[in-house]
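Going down the list, the sequences are from chains A and B. Each number in our numbering corresponds to the 1-based position in the first sequence with 158 added. Position 85, counted from 1, in the second sequence is what our numbering calls 74; the numbers after and before it change by one each time, with no gaps.
To be clear, the hints were calculated from the coordinates, so they are not data collected in a lab. Virtual Cβ for every residue (Gly too), placed ideally from N, Cα, C. Please note that a few of the clues may not be correct.
Below, a sample of chain A positions facing chain B; criterion: calculated Cβ distance under 8 Å [stated by the list, open to error]:
1) Thr188
2) Ile199
3) Ile202
Examples of chain B residues lying across from chain A (beta carbon under 8 Å, computed) [what the hints assert, rightly or not]:
4) Ser0
5) Arg2
6) Ala6
7) Gln40
8) Asn41
9) Gly67
10) Asp77
11) Leu81
12) Leu98
13) Tyr102
14) Ile105
Label-pair restraints from in silico Cβ distances [unchecked claim]:
15) B:Val101 / A:Ser180: 19 to 29 Å
16) B:Gly87 / A:Gly292: 55 to 65 Å
17) A:Ala196 / B:Phe4: 20 to 30 Å
18) A:Gly201 / B:Asp78: 30 to 40 Å
19) B:Asn111 / A:Gly292: 30 to 40 Å
20) B:Ser76 / A:Ala287: 52 to 62 Å
21) A:Thr235 / B:Pro103: 38 to 48 Å
22) B:Asp44 / A:Ser180: 24 to 34 Å
23) A:Gly256 / B:Asp44: 26 to 36 Å
24) A:Ala196 / B:Leu25: 43 to 53 Å
25) B:Ser95 / A:Thr257: 35 to 45 Å
26) A:Thr257 / B:His55: 51 to 61 Å
Here is how the chains run, residue by residue.
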Amino acid sequence: MQIENSSGTFVTLAKVTNWSISSSQSPLQTTTLQDTDATYINGIRSTTGSCRLYYYDDGTTNSCSTLVKKLIKARDTGEVGVATEPENVTFKLQVLDGTTTPKQIEVEALLTSASMSMAVGEVLAADVAFQVNGAPKSVTI
Amino acid sequence: MTTAFPALVPSGRSFNAGNFPVKTYAAQDGGEVRILYGSKRVGMTLQLTYQNIADANAEKFIDHFHEMKGTYNRFTIGTESRDGWGSDDKWLGAVEWGSQWRYAQSPQLQSVYPGISTVTVNLIAALS
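Taking the hints into account, I'd like the entire structure generated from these sequences.
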């Protein structure tokens, strides 16, 4: 996974063990009283996705907490119910297939959940789900 | 030139057959007297829904409402508005019974998608 940093550069962020992205739309029905079968036109699209990150630090390219911390924020004023708002993230989900132009989808997303699970003998992993804001910024698939 | 009612096939239609001009008087003993004041059925109502149509078509209803001076003028509607009705069109009409349609209220327009709207039109039959 590559995430866009504050200077607008994409940096490899985390070791992703799996990711998924799903796009759907709600067609608008245009059936009239003379029709016998339902007719439709394109409607609003929505894209969601998720990924699982291995949560360890190899000192170079794996900083899983960067993404998780976009959603999980500590209270910052002493008020129990007040903390910094979640941050939107722009990242690329890639398939490194050995070609010069890897298959990838670049999206701006709102994180909808981030959960970490730990078990004895396993690497700490974080599951992150996201809602894409608008259409993907680029699609090369 | 008067703008014609948009020739579009609705996606929904609701028709009320109205009634003859009847006045009913109830006597104290429970009896009922009914007086028929006219020979023509009046007060038919027709609600037409045009779901997810192009804004250019939705605009035609607003334009027609404006041309009819709102609820003031009477007009006729095309056969398209009765498409899908499997019997004689006159049974869903007003002209055949001496009336014409007028707007009962302004067309309701709901924007649902860029360039797409849903319009609901409520008509009532007026004898004159």
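Right, here's what the structure says about each hint:
1. A hinted interface residue such as Thr188 of chain A counts as satisfied when its beta carbon comes closer than 8 Å to some beta carbon of chain B; here the least separation is about 5 Å, so the hint holds.
2. Checking Ile199 of chain A against chain B by beta carbon gives a least distance of about 7 Å; that is within 8 Å, so the hint holds.
3. A least Cβ separation of about 7 Å between Ile202 of chain A and chain B falls short of the 8 Å threshold, and the interface hint therefore holds.
4. The beta carbon of Ser0 of chain B comes within 5 Å of a beta carbon in chain A, closer than 8 Å, and the hint placing it at the interface holds.
5. For Arg2 of chain B, the interface hint holds, since its Cβ comes within 8 Å of a Cβ in chain A; the closest pair sits about 6 Å apart.
6. With its C-beta approaching chain A no nearer than about 18 Å, Ala6 of chain B sits outside the 8 Å limit, and its interface hint is violated.
7. Among the interface hints, the one on Gln40 of chain B holds; its C-beta lies about 7 Å from the nearest C-beta in chain A, closer than the 8 Å criterion.
8. Among the interface hints, the one on Asn41 of chain B holds; its C-beta lies about 4 Å from the nearest C-beta in chain A, closer than the 8 Å criterion.
9. For Gly67 of chain B, the interface hint is violated, since its Cβ never comes within 8 Å of a Cβ in chain A; the closest pair sits about 13 Å apart.
10. Here the hint on Asp77 of chain B is broken, as its CB sits about 16 Å from the closest CB of chain A, past 8 Å.
11. Of the supplied interface hints, the one on Leu81 of chain B is violated, with its beta-carbon coming no nearer than about 11 Å to a beta-carbon of chain A, more than 8 Å.
12. Interface hint status for Leu98 of chain B: violated, as the beta-carbon distance to the closest one in chain A is roughly 15 Å, over 8 Å.
13. Restraint check, Tyr102 of chain B versus chain A: the minimum CB separation of about 6 Å is within 8 Å; hint holds.
14. Taking 8 Å as the C-beta cut-off, the interface hint given for Ile105 of chain B holds, the closest approach to chain A being about 6 Å.
15. Evaluation of the 19 to 29 Å hint for Val101 of chain B and Ser180 of chain A yields a pass: the beta carbon distance comes to about 23 Å.
16. Roughly 56 Å separates the CB atoms of Gly87 of chain B and Gly292 of chain A, a value that falls within the hinted 55 to 65 Å.
17. The given range of 20 to 30 Å is respected by Ala196 of chain A and Phe4 of chain B, whose C-beta atoms sit roughly 23 Å from each other.
18. In this structure, Gly201 of chain A and Asp78 of chain B meet the distance hint of 30 to 40 Å, their C-beta atoms being roughly 33 Å apart.
19. Remark: the range hint 30 to 40 Å for Asn111 of chain B to Gly292 of chain A is upheld by a beta-carbon distance near 37 Å.
20. With their beta carbons about 54 Å apart, Ser76 of chain B and Ala287 of chain A fall inside the hinted range of 52 to 62 Å.
21. Taking the beta carbon of each, Thr235 of chain A and Pro103 of chain B are about 41 Å apart, inside 38 to 48 Å as hinted.
22. Asp44 of chain B and Ser180 of chain A have their C-beta atoms about 30 Å apart, which keeps the hinted 24 to 34 Å range intact.
23. Roughly 48 Å separates the CB atoms of Gly256 of chain A and Asp44 of chain B, a value that falls outside the hinted 26 to 36 Å.
24. For Ala196 of chain A paired with Leu25 of chain B, a C-beta distance near 45 Å keeps the hint of 43 to 53 Å intact.
25. Between Ser95 of chain B and Thr257 of chain A the CB atoms are about 59 Å apart, so this pair departs from the stated range of 35 to 45 Å.
26. Checking the proposed 51 to 61 Å range against Thr257 of chain A and His55 of chain B shows it holds: the Cβ atoms sit about 60 Å from each other.
Of the numbered hints given earlier, the model fails hints 6, 9, 10, 11, 12, 23 and 25; all others are met.
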